[in-house]
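Chemist: Each chain, letter by letter, is given below.
There are 2 protein chains.
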Amino acid sequence: MTPTGKSIHINPRVLEAQYAVRGLIPMRADEIKNELTTPEGKGKYPFSSLVYCNIGNPQALDQKPLTFFRQVMALVDAPFLLENEKVVSQFPEDAVARAKEYLGHIGNRTGAYTDSAGYAFARDIVARHINERDRNVKPLEDASSIVLTDGASTGVRLLLQVLVGGASDGVMIPIPQYPLYTAQISLLGGTPAMYYLEESERWALNVAELNSVYDDCVKKHNATPRVLVVINPGNPTGGVLERGVMEEVAKFCCDRGVVLMADEVYQENIYAEERRFVSFREVVLGLPAPYNTDTMLVSLHSTSKGIIGECGRRGGYFSMTNLPSLLREQVMKMCSINLCSNVNGQLMTALMCSPPRSGDASYESYWSEYNSIFSSLKKRALMLAKELNTIRGFECQPVEGAMYAFAQIRLPEKYMRRNDELNAQEGRKLSADARWALELLESTGIVIVPGSGFGQRPNTMHFRTTILPPEQQMERMVQSLRSFQEGIWEKYV
Amino acid sequence: MTPTGKSIHINPRVLEAQYAVRGLIPMRADEIKNELTTPEGKGKYPFSSLVYCNIGNPQALDQKPLTFFRQVMALVDAPFLLENEKVVSQFPEDAVARAKEYLGHIGNRTGAYTDSAGYAFARDIVARHINERDRNVKPLEDASSIVLTDGASTGVRLLLQVLVGGASDGVMIPIPQYPLYTAQISLLGGTPAMYYLEESERWALNVAELNSVYDDCVKKHNATPRVLVVINPGNPTGGVLERGVMEEVAKFCCDRGVVLMADEVYQENIYAEERRFVSFREVVLGLPAPYNTDTMLVSLHSTSKGIIGECGRRGGYFSMTNLPSLLREQVMKMCSINLCSNVNGQLMTALMCSPPRSGDASYESYWSEYNSIFSSLKKRALMLAKELNTIRGFECQPVEGAMYAFAQIRLPEKYMRRNDELNAQEGRKLSADARWALELLESTGIVIVPGSGFGQRPNTMHFRTTILPPEQQMERMVQSLRSFQEGIWEKYV
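Protein sequence lines correspond, in order, to chains A and B.
Counting in the UniProt record's numbering, the first sequence runs from 1 upward without gaps.
Counting in the UniProt record's numbering, the second sequence runs from 1 upward without gaps.
Excised from the complex, chain A in its bound form:
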């Protein structure tokens, strides 16, 4: 109701949309965090601080930014510093040269709107990076298929908006998925068509399943799938796809005329020795005709993840492969309505795609910082999965990549019945894993996201935690999870 007593109208699609990564549990966490700052709140919980493991936000958990990138950013933000020899002398030569190079391209105008798709020079850098990354395929001739975005999320939103007009349009998404996808599908009124990943096979993608999900979507839901979303490395699963599977996925998309949306924001986050990142672009262009020319692909990347971890910059890009020109035109028109992505994010994207090279003044320090972050992430990824598997009722696949463990939880029957009873008393419909996550939070200060926020097979429960807490906090987290979960098994059996 409005203040005047009139009923307030809200877009029903908005009412429907959910985003668990910042949903019930993190919101309760923020309440507790505020309580902890008050005199009454201090003694109320058996902990004095929270460990936020709900969101992949590395620098919030003390990961240091890469120095070279910040040096360039500072000089580009304040070009007059380049005229001050006392300041310039405190920066490495290559940072100064890089700042001058960027400013030269943009005529000192970091305060101006850029082209709708981003600065041409920054898109060129991205295109060169893609050409170096992808092996044995036709290089991009120019940057016309690259669009710079405010993080990958705005790219996902824009592309889905162009492709999905309503309930007759399906979007195939993995389960579990990153909840941005279901949220955007709700907002667009599209039809989600969910395909399950195979948990027992390190969350592998089952191509046979794609065909049956496609057919079901058409027959049972009267919706034609327009997009297939693949997240590789997987969020929340941590799985990394094999090339053979990727080829089958691409062929499926080509045969069905579905756009393949490859969320590749974790492309630098691969920890398993036997895995390496292969982009869908490399896979598609490496297929025989007609697949190499007819598979429609959009690939997304971001400055928020990887080793750079610059979430706050909201930098990122998507690249378009084999899209028909009408579709590209509409994508570009949508970019123009949004004016442009933010300049600092654009610059950070360019930097991510062109780190210092051998011989540059910052080469060694850059790679030393980079490798130290990478090896620590790798250590935590391996350690976390291993430790979780020693806790009663937990089962966790190896964290091959990305920034998360997605562990299965089993809970005593009695705990499940208690949840039903509590829900009846409280008049709400908390899933058992959400109740579990809430009680974990309130008794330990650990903030994770229940599996129901990502989707999971019926009658299974999971939780997602990031691998990002520094090693000491990680120990507290594992210990808290252990005593909480084992306490439940003691109490409710």
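It should be emphasised that the hints constitute simulated quantities derived from the structure, not laboratory data.
If you're wondering where the values come from, they're calculated on a predicted model, not measured in any experiment.
A portion of the hints provided could be inaccurate.
Said to hold, decoys possible - With a cut-off of at most 25 Å between alpha-carbon atoms, the simulated DSS-like pairs for lysine-lysine come out as follows: (1) B/K333 to A/K33; (2) A/K86 to B/K138; (3) B/K86 to A/K100; (4) A/K429 to B/K219; (5) B/K333 to A/K86; (6) B/K219 to B/K251; (7) A/K100 to B/K138; (8) A/K333 to B/K33; (9) A/K33 to B/K100; (10) A/K86 to B/K86; (11) A/K414 to A/K491.
To be verified - Pair ranges (Cβ atoms, derived): (12) B/E83 to A/R128: 30 to 36 Å; (13) A/E421 to B/N136: 24 to 30 Å; (14) B/G359 to A/E426: 52 to 58 Å; (15) B/S89 to A/T67: 19 to 25 Å.
Note that beta-carbon positions come from the ideal geometry of N, C-alpha and C, so glycine has one too.
Based on the hints, put chain B in the right spot on chain A.
Modeler: Only chain B this time, still in chain A's reference frame:
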């Protein structure tokens, strides 16, 4: 068609959306700009460079950024500089102090995602600024009604998305309007309900018209207006509303249960001596009960305009007044799906709302830069309207505020008929003002936007130009417009 010959499906709402500010004319301008860099292109046009007057992008037209803001931004981007005495000594004390203050609030984490609505400290600064700006009304107690955004555009998009679910939801917009509004209405499938501004009265808003447009929307289009958009100072019109009119507008919204969306991004851009900016918040809260508590208001602001002109930062905010809690919750959920706005934009917004104060080291230099930009804008605003009124067939209202002149054009009958003939030959449906703008571009290099991109009364034609070209370029622009337009009157009469 897709490469495989399958028909490609595109969201029909996307196909429908138009955005003239970066539409046909600016796209043709970019083509010409590229041609001019080639040997063949050089002699092809009677000019060697373009003057972009299509978009309010001050720094692209050589407006200097405000130094203090950039100093703080550089230090916050590279916090390690604060530990280097040689660097610190080159910055004014207050820039160093400000950077330390901001970094203290955010724990050095400018690379992290922020709270969904933006950093609490930055929102507090915005709230204090609003409390200083708005006179004789109840102050904001905290920043819970402030949301930081990537420019005002993302705020408009988010708010309209929450309020407009489909064709049964109307959005009342002024004609002429900023085409972001019609684009977003198309994308949401809402029903536009257009009210005309009174050109001959300096583009005044006619409140009687609001009621009849509301009723028509309900009766003729089966849609209930949910939002009334008011742009003040006006884009593209340059008009500034009087307080009495604003009070009537607020009462209308309250009586009808419509959310008042106040686009106040030009609040610092008022040039007419007899006008000053009054915010809709001040007006609403200053009304007697029940209007002061029951008028639902959202107000938008941006770092892109004003004197700061930091378009590329994509900074901005909206504030919510008297919104019911369900609506606020849904707004906040939508923010969380978008993660957060970019940190540099958030910091720029905080800076815009808290410039150096009397006694600060940068106080005098800041205000000297500020006043010099302001007085040059004012000079150009007055000069441009005056000059345009000396050209045959042009009529331009005073540019009281904002960054644009929106002039009416009259063209000879013969020119109009020629457009019909050319359209028939070319198989397209260019409006006469679009044809005129295209020919202006191709013969003079001046890039403006035809009135049809903003909406105008039937049988009238206009064009919008920014007042932003530096004074010398402005002379070229006026001269080009004059000889082009007078040439048409000579040739086609």
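Chemist: When the structure is checked against the list of hints, which entries are broken? Sort them ascending.
Modeler: When the structure is compared with the hints, numbers 2, 4, 5, 7, 13 turn out to be violated.
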